[in-house]
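There are 2 protein chains.
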Amino acid sequence: MGWMSDENGLDKCAANYTPLTPLSHLRRASHVFAQRLAMVYGEEHRVTYAQYHERCTRLACALSGKGIAPGDVVATLIPNVPAQIEAHFGVPACGGVLNTINTRLDVDTVAYILRHGEAKLILVDSQFLQLAEAACAQMDGPKPTLIEVPDVAAGHPASGRFETYEDMLAGADPSFEWIMPQDEWESLALNYTSGTTGRPKGVVYHHRGAYLMTMGTVVSWRMVLHPIYLTIVPLFHCNGWNHSWMMPLIGGTVVCCRDITAPAIFDAIADEGVTHLGGAPIVLNMLVNAPETERRKFDHQVEVFTAGAPPAPATLSKIETLGFNVTQVYGLTETYGHVTECIWRGEDWDALEKPARAAIKARQGVAFPMMEDITVMDAQMRQIPMDGTCKGEIMIRGNSVMKGYFKNPDATREAFEGGYFHSGDIAVQHGDGYMQIADRAKDIIISGGENISSVEVEGVLMEHDDVLLAAVVAKPDDKWGEVPCAFVELKPGTRPDAAALIAFARGKLAGFKAPKAIVFEELPKTSTGKIQKFELRKKAQMLD
Amino acid sequence: MGWMSDENGLDKCAANYTPLTPLSHLRRASHVFAQRLAMVYGEEHRVTYAQYHERCTRLACALSGKGIAPGDVVATLIPNVPAQIEAHFGVPACGGVLNTINTRLDVDTVAYILRHGEAKLILVDSQFLQLAEAACAQMDGPKPTLIEVPDVAAGHPASGRFETYEDMLAGADPSFEWIMPQDEWESLALNYTSGTTGRPKGVVYHHRGAYLMTMGTVVSWRMVLHPIYLTIVPLFHCNGWNHSWMMPLIGGTVVCCRDITAPAIFDAIADEGVTHLGGAPIVLNMLVNAPETERRKFDHQVEVFTAGAPPAPATLSKIETLGFNVTQVYGLTETYGHVTECIWRGEDWDALEKPARAAIKARQGVAFPMMEDITVMDAQMRQIPMDGTCKGEIMIRGNSVMKGYFKNPDATREAFEGGYFHSGDIAVQHGDGYMQIADRAKDIIISGGENISSVEVEGVLMEHDDVLLAAVVAKPDDKWGEVPCAFVELKPGTRPDAAALIAFARGKLAGFKAPKAIVFEELPKTSTGKIQKFELRKKAQMLD
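Those sequence lines, one after another, are chains A and B. Residue numbers 1 to 544, in the UniProt record's numbering, belong to the letters of the first sequence in order. Residue numbers 1 to 544, in the UniProt record's numbering, belong to the letters of the second sequence in order.
Honestly, the hints are just simulated from the structure, not real lab data. This one's a predicted model, so the numbers in the text were calculated from it and none came from an experiment.
Because identical chains cannot be distinguished in the list, a pair is counted as satisfied if it fits within a single copy or across any two copies.
20 Å max Cα-Cα, derived DMTMM-like pairs, lysine to aspartate or glutamate:
1) 12 / 417
2) 12 / 410
3) 12 / 184
4) 12 / 183
5) 12 / 373
6) 533 / 489
7) 12 / 414
8) 407 / 6
9) 407 / 11
10) 120 / 6
11) 539 / 521
12) 120 / 108
13) 120 / 7
14) 143 / 6
15) 516 / 477
16) 525 / 489
17) 354 / 320
18) 538 / 489
19) 297 / 272
20) 318 / 477
21) 491 / 522
22) 407 / 7
23) 508 / 466
Modelling step: build the complete structure from the supplied sequences, incorporating the hints.
The structure is reproduced here in structure tokens:
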């Protein structure tokens with residue numbers, strides 16, 4: 001260890017040590033980029049960094065005034081509008097822990113998250129007020145204070161039944177002193193992942209990890225000062241891959257996007273000059289398939305990070321001619337979002353034909369700069385041969401890995417066994433070390449960028465009186481990438497039809513999680529009785 | 001503090017916590033950028049990242065084999081050639097602390113540094129062998145093992161009297177396991193600064209600070225992947241502003257530059273495609289004043305960081321037309337190099353006339369992204385009015401501030417009083433917060449990018465039998481920026497001439513520190529007997 005012969009007087013002090021936190025980026029930007037445009041939403045909301053900082057300060061003050069103490073959880077049910085982004089700074093600036101909840105979830109799951117996360121307060125967009133109220137009504141234990149975030153321009157006016165976000169801000173002190181972390185390991189955010197078992201797990205982020213994620217992403221996304229970023233990735237997914245926390249670091253402008261449509265995206269590029277966006281391959285499909293009338297011309301190149309599933313080669317070919325450069329990235333909620341990227345080796349690959357280029361772009365690639373080691377290992381945690389054929393599990397070590405699962409030390413211990421985070425994703429590694437996902441060990445179905453736990457859907461189907469056994473796998477889908485397809489073994493003598501079973505599932509699950517196709521048959525099993533999902537996936541590929 | 005209601009199982013572990021160190025950058029680059037060109041020196045030395053990593057590994061192994069244990073100091077007396085850069089990774093990779101010594105220093109000072117730093121081993125370029133041997137001969141206590149680094153192409157072949165660097169590497173194990181820091185606060189480098197008192201102080205860097213310096217510099221220098229960096233800033237100055245540690249992070253190429261001449265710089269830009277370089281204003285002057293025959297044409301823009309003194313407006317105007325974009329940065333050895341930058345606000349300043357642009361570019365600007373707070377304060381450590389007139393001291397807080405001075409806890413405590421590093425530099429702050437240095441409180445003279453302590457020079461002059469009192473200030477100089485000018489009050493009845501006194505000083509000081517002009521007069525003093533250096537500076541400005 002590199003301690004010198006005499007380290008007397010060489011300790012940490014206020015002058016030479018500051019806990020790493022993304023809060024520092026906005027504090028600096030409020031001085032360095034004070035008059036630059038920080039955020040845009042529609043015609044009305046155009047704020048500078050000085051104003052953005054003031055709004056976050058007011059939010060922190062207001063939350064503090066409502067009794068939010070350091071370590072308390074503040075939840076949100078908001079799409080990608082300014083309040084959701086401001087919560088990323090305002091909540092931690094009063095010491096709170098931000099819990100952005102997926103607005104597409106069902107009442108039962110939202111109630112579970114609120115109870116498990118112990119949210120003291122929830123900011124709710126008027127569109128999702130019914131969901132929030134139903135969840136609060138259903139949950140056990142103390143219920144969170146509800147603050148309403150109306151969006152009149154989008155057709156969601158205030159209900160009149162709750163204090164509104166803007167009223168709360170108006171009454172707060174713009175000179176409130178931010179509560180900065182004293183230890184960079186303090187908790188910053190709580191994100192529930194669908195996981196593989198019935199109930200979602202609460203992934204805890206710390207300030208250090210988010211800070212380093214922002215520093216590494218600047219490098220990986222080849223960003224210089226003042227990018228214009230369109231928020232397509234929902235902020236309730238890994239806090240939008242931490243991009244909101246990154247923008248003040250580089251004096252960027254965030255362009256909010258409430259509803260993800262091709263015209264909205266093309267307009268933002270053409271009118272606001274968007275330079276960067278991230279999104280699932282379904283977003284790329286949307287752009288490629290947009291009719292001529294919905295497209296807009298622009299003469300700069302837009303850098304796109306895509307993740308969730310490899311984009312189809314046909315999509316890649318088409319979108320590049322439209323002015324987008326696509327980079328495949330890979331990560332999980334447990335890793336703050338993307339931690340690997342398919343770094344493009346122009347000198348080797350620029351001259352390749354389109355199909356070969358697309359095949360490479362479908363790789364998940366190599367570690368981001370802030371990560372220490374990401375590789376593929378066999379069951380004994382040995383490096384697999386890098387031959388493009390041998391399979392193993394992607395294993396992740398580095399500073400942008402979660403603290404662990406909230407109130408679930410057993411799951412945390414299991415996830416971190418042997419000093420790496422076990423991703424659960426099965427991959428090969430090419431000769432140059434680039435990883436490529438071959439299978440998903442955890443049976444996650446990715447539909448329109450949303451993770452669906454097959455186990456959760458199976459659980460619901462199994463609740464139906466007629467169902468003996470259910471196995472849910474991904475079925476390829478032109479629009480959504482994948483949709484859930486259920487194989488069901490019925491109890492003897494029963495004959496429900498598929499539509500009835502789908503309706504049953506929809507009654508208990510968020511709409512996107514319900515199976516889109518059902519096949520009745522005896523399920524193929526191994527000698528030990530384990531369902532052979534591999535066989536079912538092959539069958540699902542064949543369906544219409 | 002942001003600790004949640006239940007933090008059970010959310011501790012640091014190998015999966016989610018790695019001490020920050022620039023060593024990680026080269027480890028990652030050896031995989032991610034394995035076949036990319038990492039370093040160029042002359043015709044012969046062109047190595048990839050895989051090879052660069054292997055050479056550093058061999059160096060670490062060899063040092064370890066020679067008994068260098070973690071925490072031991074390894075010194076160098078080498079110009080900017082590959083061995084000096086490899087030492088930046090190879091020394092810490094065996095747990096050692098790197099002490100790059102200024103090759104322009106005198107024997108006495110080098111001996112002092114070797115003794116005070118307790119170097120166990122020193123790598124010495126053949127050109128500086130005489131200096132190193134004389135220093136070793138003169139020093140008290142255990143002497144370092146000397147390894148010679150010949151440079152045949154540059155006319156400095158091996159003496160034959162010491163083991164050579166390449167022989168040492170050839171005998172080492174390329175699979176040696178790097179010794180990574182277990183605590184990011186461990187010491188990484190030791191850099192002696194001229195300071196203000198007679199003897200230099202040993203500034204200690206830690207791994208965390210250097211890592212964050214590299215991350216912040218990518219943002220500030222607006223770098224994307226694969227820059228081509230020319231090493232003009234000596235690596236014995238703040239480790240070349242940490243740029244060697246940064247390059248592997250972005251897969252850049254380092255082009256070594258042993259002797260700084262206009263043809264060498266233009267050739268590197270034209271032949272190797274250099275995109276970035278750093279240097280004192282004297283380097284800019286050299287380029288601007290180079291005869292047409294020494295210039296080369298190139299059609300890209302070269303980004304230049306300059307520091308030490310503001311470049312003259314005339315220089316700035318000329319160099320921009322040659323294809324260079326200059327950014328003024330500011331920092332000290334105590335801050336790992338640059339920590340403020342004059343971020344260019346194009347939307348406000350692009351349209352200004354050249355003199356107005358040059359005036360702005362002469363500002364030291366605002367904090368780098370990895371710094372927490374850099375501002376100007378009065379003697380009571382209160383923020384000064386930002387009016388461009390009031391003066392105060394630049395105060396610095398952040399993660400790229402030294403651990404402290406080696407074996408000098410009193411000086412460390414004084415430097416960090418009140419939770420900020422006291423820079424000693426006097427500045428004004430403009431309305432937008434941009435700082436501009438107005439005076440140097442510590443009387444440092446900056447000559448050709450080298451710091452000269454006026455107190456040190458005064459001390460030598462005072463050793464002369466005829467001298468009663470000596471005060472040294474900066475005199476403006478077209479070539480060197482500043483040179484030392486001495487005002488001397490003689491003892492009654494003595495009449496030495498200026499040439500003799502300069503020769504006397506040259507015998508005791510490095511050549512660049514000796515005064516270039518001497519004025520004999522009674523020194524102006526305050527009522528309390530303090531020399532009015534302010535008056536002397538005015539006089540020095542008037543001299544021919």
